[in-house]
Amino acid sequence: MISTQLLWIIAGCVLAAYLLALSGIPTYLRREALTGDALSHAIFPGVVLAVWISGSNAGWPTYVSGMLVGSLALFLIQTIHQKTRIPKDGATGIVLIVFFSAGLLLLGRLQRSGIPLGGIQHVLLGKAATLLPADLGILGILAILGSLLFFVFQKWVWLEAFDAKFAQHSGLPTFAYSFVLNTWTALVLTATIQILGAVLSAAMLLTPAALGHFLSPNPKILIRTALLSAIAAAVFAGFISASIPAMSTGALMVIMLFFLSFPFFLLYPEKGILMKWIARKKEARRWSDENTLKFLFNSTGIRSAIQNNPSLRRLSNKKLVHQNNQGEWHLTQTGIKNAERIVRKHRLWETFLHQRLLVPEDHVHENAELMEHLLDDEAEERLAQELNHPSSDPHLSPIPPRK
Amino acid sequence: MIEVHNLTAGYGKRTALWNIDFSIHFPAFIGIIGPNGSGKSTLLKTILGELIPFTGSISLFGKPISEVKHRLAYVPQINSVDWNFPIRVMDVVLMGRFRPNSWGPFYSKSDREKAAFYLNAVGMSEFSKRQIGELSGGQRQRVFLARALAREADVLLLDEPLAGVDAGSGERILSVLSDYQQQGRSIVMVHHDLLTASTLFDHLVLMQTRLVAAGPIQQVFTLSNLQTAYGTDVSILSDMIHKLGQTPGNLSDHPKP
Chain A
1 MISTQLLWII
11 AGCVLAAYLL
21 ALSGIPTYLR
31 REALTGDALS
41 HAIFPGVVLA
51 VWISGSNAGW
61 PTYVSGMLVG
71 SLALFLIQTI
81 HQKTRIPKDG
91 ATGIVLIVFF
101 SAGLLLLGRL
111 QRSGIPLGGI
121 QHVLLGKAAT
131 LLPADLGILG
141 ILAILGSLLF
151 FVFQKWVWLE
161 AFDAKFAQHS
171 GLPTFAYSFV
181 LNTWTALVLT
191 ATIQILGAVL
201 SAAMLLTPAA
211 LGHFLSPNPK
221 ILIRTALLSA
231 IAAAVFAGFI
241 SASIPAMSTG
251 ALMVIMLFFL
261 SFPFFLLYPE
271 KGILMKWIAR
281 KKEARRWSDE
291 NTLKFLFNST
301 GIRSAIQNNP
311 SLRRLSNKKL
321 VHQNNQGEWH
331 LTQTGIKNAE
341 RIVRKHRLWE
351 TFLHQRLLVP
361 EDHVHENAEL
371 MEHLLDDEAE
381 ERLAQELNHP
391 SSDPHLSPIP
401 PRK
Chain B
1001 MIEVHNLTAG
1011 YGKRTALWNI
1021 DFSIHFPAFI
1031 GIIGPNGSGK
1041 STLLKTILGE
1051 LIPFTGSISL
1061 FGKPISEVKH
1071 RLAYVPQINS
1081 VDWNFPIRVM
1091 DVVLMGRFRP
1101 NSWGPFYSKS
1111 DREKAAFYLN
1121 AVGMSEFSKR
1131 QIGELSGGQR
1141 QRVFLARALA
1151 READVLLLDE
1161 PLAGVDAGSG
1171 ERILSVLSDY
1181 QQQGRSIVMV
1191 HHDLLTASTL
1201 FDHLVLMQTR
1211 LVAAGPIQQV
1221 FTLSNLQTAY
1231 GTDVSILSDM
1241 IHKLGQTPGN
1251 LSDHPKP
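Protein sequence lines correspond, in order, to chains A and B.
Residue 1 is where the first sequence starts when you use my numbering, and the numbers rise one by one after that.
Residue 1001 is where the second sequence starts when you use my numbering, and the numbers rise one by one after that.
Read the hints as simulated data drawn from the structure, not as lab findings.
All C-beta atoms, glycine included, are put in the ideal place defined by N, C-alpha and C.
All clues given are correct.
Derived contacts from chain B toward chain A, CB cut-off under 10 Å, selection only:
(1) L1048
(2) E1050
(3) K1069
(4) A1073
(5) Y1074
(6) D1082
(7) F1085
(8) P1086
(9) D1091
(10) V1092
(11) L1094
(12) R1097
(13) P1100
(14) I1132
(15) R1147
With beta-carbon atoms standing in for the labels, derived distance ranges:
(16) A:L148 with B:W1083: 30 to 40 Å
(17) A:I273 with B:S1066: 45 to 55 Å
(18) A:K165 with B:S1102: 14 to 24 Å
(19) B:S1108 with A:L266: 38 to 48 Å
(20) B:F1054 with A:I273: 49 to 59 Å
(21) A:I141 with B:G1133: 31 to 41 Å
If we strip away everything but chain A, and leave its shape as in the complex, we get:
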C-alpha cells in the first residue's frame, strides 16, 4: 500500500529531479556539461565541511558552504584555463577530481570523529529515505523560484547560450548572468545531493536536457521532454528505492531515465538506431529486387529451382513477376516497364562515363551497377538531356526510352 512515508520520498525525488532538469537546460545549452559535472563533485567537500563545522546536517550552513566551495571550484577552473595553456575541459577535469578527492578524505575523517552524521554518509550516493521535512520545504521553494526565474529569463537563456558575444553587445550582463547561473546550479546541487548523491546529480542535471534535444530542436518540446522525463524517472526511482532496501535513489533515477530514453534512441523516426537499421535493410532489399528485375529482363525464363528466392517472392507479391505452368519466372507488363527503367539508368550512366568523363568502355560497368540504384527520376531525365537522348550505350546495347 502507498504510505505517507513513500509519498514523502517520491515527492522529494520528483522535486529534486525537476529542479535539476530545469537548471540543467541552460547549462546544457551553453555546452557547459562538464562544468555541471565538476560543480556537483566540487560541492561535495563543501557539504561535508559544513557538517563538520556546524555539527549537524540541517539548515543554511550546508547551502552556504556548498555554494562557496562550488564557486571556488569554478574560479579555479577559469583561472587555470586563462593563466596556463591547459584547455577548459582539462582544467575542469583536474579541479573536479581534486575537489572530489578532498571530499572523500574529509568524509573519512568525519566518520571517525564521533560527530553525529545525520544523512551525511549518503552524500556520496544519495538516499531519499533520509530526507527531512525541512529539506522537502527547501526543495519546494527552490522549485517554485527556479520555475519563475526560468520563465522570466528564458529570452536571456537562449540568447546567451546561442551567441554570448552578441548577447554581451546587446547589453546582456554576461558575466553577472554566468555568475548567477552557476551559483544557482551550485545551490540546486547542494539541495539535491542528499537524495541523489554527488556523483549522480550531475547526470540528472544534463541527461534530461540532452534527451529533450535529441527528440526535438524545438525549444518548447525540448523543455517539456526534459522536465517530464525527469519527473517520470523520479517517480519510478522513489517508488523502488523506498520498497527495496540498499538501493541508491540517484543511481535508480539515472537508470530509469536511461530506460525511458532507450526506446526513443531506438525507435525515433529517422534518428533512432533501430529505425535507421530498418531503413538500411529496406534499401538493401530495393537494390536486390532491382537487380532481380534486371536479371529477368536480360534472360528468358528462370527455372523453378530458385523458387524460394525472397526477392522473387517480394516481386511476385507486387505483381512484377509471375511463374508460368512450367515453373519458369517471367516479368509481367509492369515488371518489364520497371526493369527497363533500371536498364535505362544503367546504360545512360555508362554513356555519360564514357562520353563525358572519358572512362574506357570496359571500365564503366562496375560504377553503373551502383548508380542504377541511386539515380532518381530527375537526375535520369537531366542525364538523358545532357547526352542528347542517346539510343545506345558504349557497348552498343539499346537504351530503352522513358515511357
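Assemble the complex: chain A is given as a structure, and chain B must be docked to it using the hints.
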C-alpha cells in the same frame, strides 16, 4: 564620426596593427580593405571593443566605445556559433530586438513585426519557422544580417559578409546594405574583393598592417595607394581600374548595385 587615434593592437605578443590614425564623418559606408593578414579583422574587433588595443584609442560619436556599444550592431562570421543549437530562424532574428531592460519572458508585438520585416528584407521570410541547422551557408549569413539589422543601430559592423555566400545571397545582402545606409545609418565592413569595393563604398580604409590611406573613396582608391597595399604586381590592379573604364576619382559615382 569615427576617430581612430594612434592605434596599435594585436594578439599576445604578435602585433597585427601598427599606429593607425584616421577619422571619417558619419553617415558613411566604410570599407576596410587590404590583402590577407593586413589587420582588417583586427581593426574591426578593436572597434567592436572585443580586442583591447596595446596603445591608442577609438571613439565613436565623440565617445569611447564602451559608452556607445548600444549604438552598434555587428554581424559575426557564421562559424562563430553552433548551428545545431535548438532554435528557429525567427527566434534568432528576434534576438536583435533584445534590450537589457526587457524583463518579460516574451518579445513584444512590435519587436516581432520588426524581426519579420528584416527577415523579409534579406529574403528569408519563408524560412522563419525553420530550424537554423537546416540552412545553407548563405542563408545563415542572411539570418545573421537580419538579426543585426533588427537592432536598428546607428552603426552596423560586418566582417566579410560575402565570404562563402552564393551569388544570389550576396546580391541580396548588398542591396539590403545600401538600403540601410540610405536611411542615414553608417556601415563599417571588412571586404576583400577590390572590384566590388570600388562601387560599393563611399569611404575606404586601406590597410597593410600600417594604414595606407583612409578617407573618401576618390582619394583612397588610386593606383599608387593600391600598389602600396597590394605590392608591385600592378598589372592586375591597373587592368581592373581600366576595366571599370574610369579614373578612380569617378568610381564612387557609380550607381549602387
